[in-house]
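Student: Sequence:
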Amino acid sequence: MQNISSEEALSELLQSSPAVLLLYGGASCGVCQAIKPRLEKLAGEEFPKLVTAYVDCQEAAGSPLCAARGIFSLPVVQLWFDGQRFAEFARVFSMGDVRSALERPYGLLT
1 MQNISSEEAL
11 SELLQSSPAV
21 LLLYGGASCG
31 VCQAIKPRLE
41 KLAGEEFPKL
51 VTAYVDCQEA
61 AGSPLCAARG
71 IFSLPVVQLW
81 FDGQRFAEFA
91 RVFSMGDVRS
101 ALERPYGLLT
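Just so we're aligned: the sequence shown equals residues 1 to 110 in the working numbering.
Honestly, I wouldn't trust all of these hints.
[Claimed, not checked] Derived CB-CB ranges, DEER-like:
1) ALA61 to GLN33: 24 to 34 Å
2) MET1 to SER94: 11 to 21 Å
3) GLN58 to SER11: 14 to 24 Å
4) PRO64 to GLN2: 13 to 23 Å
5) LEU108 to GLN58: 29 to 39 Å
These aren't lab readings, by the way, just hints derived from the structure by calculation.
None of these values were measured; they are calculated from a predicted model.
Glycine included, every Cβ here is placed at the ideal spot set by N, Cα and C.
Go ahead and model the full structure; you've got the sequences and the hints to work with.
Tutor: Listed below in structure tokens is the structure:
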């Protein structure tokens, strides 16, 4: 999972990758730290073309990025396809929710 700490790096990633799973989290967010490896495993095993990235909203560099993107509670998972946000999950969600949201658009990737 790539660590993103600037708006420029995030914009570049979203424009250059056809499919992105973006996790907004924090070091002191227990749920964030628990789902991070599960999201990496899901992507690696079931969606190998999916690029995964992480923004630490509690870190000094990530905090302005999260605020600018309207992220005020953690964790938040966003799914992006072809530079467009396709789905967003905040605070309470399951891996099944993420998997279900990924299946159809991911299947359309060439």
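Student: Each hint: holds or not?
Tutor: Taking the hints in turn, this is what the structure says about them:
{"no.": "1", "hint": "ALA61 to GLN33: 24 to 34 Å", "in the structure": "18 Å, violated"}
{"no.": "2", "hint": "MET1 to SER94: 11 to 21 Å", "in the structure": "19 Å, holds"}
{"no.": "3", "hint": "GLN58 to SER11: 14 to 24 Å", "in the structure": "22 Å, holds"}
{"no.": "4", "hint": "PRO64 to GLN2: 13 to 23 Å", "in the structure": "19 Å, holds"}
{"no.": "5", "hint": "LEU108 to GLN58: 29 to 39 Å", "in the structure": "35 Å, holds"}
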